[in-house]
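**Q** Order-wise, the sequence lines are chains A and B. Counting in numbering that gives the first Met the number 0, the first sequence runs from 0 upward without gaps. Counting in numbering that gives the first Met the number 0, the second sequence runs from 0 upward without gaps.
These are computed hints drawn from the structure, not numbers from a lab. Keep in mind that a hint or two might mislead.
[What the hints assert, rightly or not] Once the Cα atoms are required to be at most 27 Å apart in a straight line, the calculated DSS-like pairs of lysine-lysine come out as:
1. A:K114 to A:K72
2. A:K208 to A:K108
3. A:K127 to A:K100
4. A:K121 to A:K108
5. B:K101 to A:K208
6. B:K165 to A:K100
7. B:K264 to A:K72
8. B:K165 to B:K218
9. A:K58 to A:K72
10. A:K302 to A:K278
11. A:K127 to B:K101
12. A:K127 to A:K114
13. A:K58 to B:K165
14. B:K101 to A:K100
15. A:K100 to A:K72
16. A:K72 to A:K108
17. B:K264 to A:K276
[As the list claims (entries may be wrong)] Listed next, the stretches of chain B that the computed footprint assigns to chain A, with coverage defined by at least 3 CB atoms under 8 Å from CB atoms of chain A:
18. 19-26
19. 219-226
20. 259-266
[What the hints assert, rightly or not] Every beta carbon over 10 Å from chain A, so not counted as near; a handful from chain B, in silico:
21. I32
22. T57
23. G77
24. A119
25. A120
26. L133
27. L138
28. S170
29. V189
30. V195
31. S233
32. A235
Don't be surprised by glycine CBs; every beta carbon is placed ideally from N, CA and C.
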Amino acid sequence: MASVEFQNVSKTFGSFTAVPDISFSIADGEFVCLLGPSGCGKTTSLRMIAGLETPSGGKVLIGGKDVTYLHPKDRQISMVFQDYALYPHMNLADNIAYPLKVRGEAEDKRHARAKEVADVLKIGDLMKRLPSQISGGQQQRTSLARALVYPSQVYLFDEPLSNLDAKLRLEARGFLNHLQRDMGMTAVYVTHDQAEAMALATRIAVMDKGRIVQFAPPIEIYRRPATTFVANFVGNPPMNLVPVEAMVDGGQLRLRADGLTLTGLPLSDDIAKAAAKGKMTLGVRPEHLRMAEAGDANTITGKLFANENMGPESLVTMERADGGRVTARIFTDDEIRTDDHVTLAFDTRHVTLFDDTGARIPEIGE
Amino acid sequence: MQISRSIYMRRAIFSVAASLVGVVFALPLVWFIFAPFNARAELGLAIPSPFTLSNFVTVFQNSFAMHALLNSLIQAFGGVILVGGAATLAAYALSRSSIPGKRAVTYILLLFSSVVSGSAAMVPIFLIISAIGLIDTHLAVILVFAGGLLPTAMFILRDFIDAIPKSYEESAMVAGASPIQTFFDVALPVIRPGIVVVVVWAFVNIWGSFLIPFILLRKDTLMPASVAIYSFYSEAGTPIVTLLAAYSLIYSLPVIVLYLFVNWKFGFRFFGGIKS
Ligand SMILES: Nc1ncnc2c1ncn2[C@@H]1O[C@H](COP(=O)(O)OP(=O)(O)OP(=O)(O)O)[C@@H](O)[C@H]1O
Ligand SMILES: [Mg+2]
């Protein structure tokens, strides 16, 4: 296992800049997820670690060694491709054992090792089949087995679960999590599924347009999103963001928008400075909203837009007068009044504030 | 009722028409199979009576024609190996590398290839070959065929390789394979169905070609079957139908055998493809 470091890495394709400038470092044994919308440069970054793409500028280090121009074969890495890339003319045994074959391992030895790994992944009895003769989930595990069959410095995954159905995906996710705990592998895992990133990562790098917006542990990303972009990307459903007018009133912050007033928020220097500009974005997670009761001071009201029952909970979405939507996650035990108007109450402790540029305003005492 | 009857009528008419067309095409083939076993020269269709192998005996005694079959094999195999090998390497490079203007290269070659194998270029080709001193050698025929067929072969194969995801080779490289290992272990087997198509196509082309060997070769001992077949014409230039038919049947066998062999061994698939 080894660390991975990017020093001012950039990548341009012709005149298009896919990655303008990225620097980060991943410690030995970390499981890092690259999370971001389609086309933000996740795959490109991963391929630069693998050596399948040469950076246009900057340095890539693996285990402290500069590998920027090293051929992939000399990097001692494993990669699971999004399309699995199983060799169609080799049976599973040969597919899984291929990395050992190029390392000069004898046939019986490498097949024994391949069988070992395959057994762990529950595909041990399919070894004589061709990739075209097994199911999608089995193909995915074969490709995983091929990546795990030899010792690697870094394990790279490019959306390995995106082609699986929901149930298989959960199963594979659990398996990867177990593997990480078991082996303590250094892994870089590309996904655009925030739930997958939250579940697997020790740290998440949220990317947008070829830049890393925030690089932090999942809980930090969830609790303290650096920008409205991150807030909008993480959480299921993501954080509600409401543009508000801000003013300071008697040593307290007061926020106002259509159907919403929020008072009694404590003030700090940072907050006061942002409030002086008059505009802020109020962020509140769906799980921190509840149906309002009489006497609730801080509420938000609007017309009911959707009410989706998910079993133990419901997603109630309302549309405010200015067209903005707010979703709440309500435990179904609470009675949901699904008449025309919905009033939701929130707890001021669970409010996140962003300034007019979309950057999070530090909490008091942070 | 009315409607279904008219559909029935239409189908019947279509079937009859299709059968007629089929028969028109099948008749020469039937003649081609029957005529060699007929002792009498007959251009009409007739079940051979008496059934005889005497035509074949005569043909087998014609050592020039028999040797020509061997020459055809030498030239076709030589050409096929050259075209198959060179086209695979060239198409792979053109598909996978990022040489600027690589598309233009293929198209320009394709344009010239129609000139090379066309009869207009015969005089310059003859002059070039004789300048190199290769007139009257198998190599001359093989080289000229390769030059003519290579661009089209490259074009077909490049298209085929373009459709194969790069991730096969990338995963091999990441797994530790050198570029050579990657090519032979992973790329080549995946490209093989495309190579098979090109090889069969090139073989059939060379096997049936008359003009190039006729111009480049002098010695009887080097002539391929496509030229030797004219030894079954009388001095006056009329074909000796019985022998011609027998020789033609023998002449066509290698192509049929090749087709059956390839179909059995590889199957004619024309796709690369990853998972479904
Ligand atoms: N070979 C290439 N040539 C030109 N542009 C490319 C190339 N590869 C990637 N790009 C561009 O670079 C940007 C980043 O691509 P990348 O594949 O890294 O995105 P991604 O974050 O992995 O997206 P997705 O989630 O859809 O897989 C995209 O806009 C893409 O169009
Ligand atoms: Mg991608």
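**Q** Decide, hint by hint, whether the structure agrees.
**A** Hints, verified against the model:
For the given pair, K114 (chain A) sits about 23 Å from K72 (chain A) by alpha-carbon distance, which is consistent with the 27 Å threshold. Between K208 (chain A) and K108 (chain A) the alpha-carbon distance is near 46 Å, which puts this suggested pair outside the 27 Å criterion. Restraint check for K127 (chain A) and K100 (chain A): the C-alpha separation of about 17 Å stays at or below 27 Å, so the hint holds. Using a Cα cut-off of 27 Å, the hinted pair K121 (chain A) and K108 (chain A) holds, with the two alpha carbons roughly 20 Å apart.
With a CA separation close to 31 Å, the supplied pair K101 (chain B) and K208 (chain A) exceeds the 27 Å bound. The hinted pair formed by K165 (chain B) and K100 (chain A) meets the criterion: a straight-line CA distance of about 21 Å does not exceed 27 Å. For the hint linking K264 (chain B) to K72 (chain A), the alpha-carbon distance of about 33 Å lies beyond 27 Å, and the restraint is violated. Using a Cα cut-off of 27 Å, the hinted pair K165 (chain B) and K218 (chain B) is violated, with the two alpha carbons roughly 49 Å apart.
Pair hint K58 (chain A) plus K72 (chain A) holds up; C-alpha atoms about 18 Å apart against a cutoff of 27 Å. Between K302 (chain A) and K278 (chain A) the alpha-carbon distance is near 24 Å, which keeps this suggested pair within the 27 Å criterion. For a cut-off of 27 Å, the pair hint linking K127 (chain A) to K101 (chain B) is broken: about 40 Å separates their Cα positions. For the given pair, K127 (chain A) sits about 11 Å from K114 (chain A) by alpha-carbon distance, which is consistent with the 27 Å threshold.
For the hint pairing K58 (chain A) with K165 (chain B), the CA-to-CA distance comes to about 25 Å; that is within 27 Å, so the pair holds. Proposed proximity of K101 (chain B) and K100 (chain A) is contradicted: the alpha carbons are some 34 Å apart, above 27 Å. With a C-alpha separation of about 13 Å, the suggested pairing of K100 (chain A) with K72 (chain A) holds against the 27 Å cut-off. In summary, the hint linking K72 (chain A) to K108 (chain A) is supported, as the alpha carbons are separated by about 21 Å, within the 27 Å threshold.
As the CA atoms of K264 (chain B) and K276 (chain A) are separated by approximately 77 Å, the hinted pair breaks the 27 Å bound. By the rule of at least three residues with a Cβ nearer than 8 Å to a Cβ of chain A, the coverage given for the region 19-26 of chain B is violated, with 0 such residues. With a cut-off of 8 Å between beta carbons, the region 219-226 of chain B has 0 residues touching chain A; three or more are needed, and the interface restraint is violated. A stretch counts as covered by a chain when three or more of its residues have a beta carbon under 8 Å from one of that chain; for the region 259-266 of chain B and chain A the count is 0, and the coverage is violated.
Every CB of chain A lies more than 10 Å from the CB of I32 (chain B), the least distance being 38 Å, so the non-interface label holds. No Cβ of chain A comes within 10 Å of the Cβ of T57 (chain B); the nearest lies about 48 Å off, and the non-interface call holds. No beta-carbon of chain A comes within 10 Å of the beta-carbon of G77 (chain B); the shortest separation is about 28 Å. With a cut of 10 Å on Cβ distances, A119 (chain B) stays outside the contact zone with chain A, its closest approach being about 41 Å.
Residue placement check: A120 (chain B) keeps its beta carbon more than 10 Å from all beta carbons of chain A (closest about 39 Å). Every beta carbon of chain A lies more than 10 Å from that of L133 (chain B), the smallest distance being close to 39 Å; the non-interface claim holds. In this structure L138 (chain B) is separated from chain A by more than 10 Å, as the shortest Cβ-Cβ distance comes to about 34 Å. Interface exclusion of S170 (chain B) from chain A breaks down, the closest Cβ pair being 4 Å apart, not more than 10 Å.
At the 10 Å boundary, the C-beta of V189 (chain B) falls inside the reach of chain A, the nearest C-beta of that chain being 6 Å off. Consistency note on V195 (chain B): stated as away from chain A, and its beta-carbon is indeed over 10 Å from all of that chain's, at 13 Å minimum. No beta-carbon of chain A comes within 10 Å of the beta-carbon of S233 (chain B); the shortest separation is about 54 Å. No Cβ of chain A comes within 10 Å of the Cβ of A235 (chain B); the nearest lies about 57 Å off, and the non-interface call holds.
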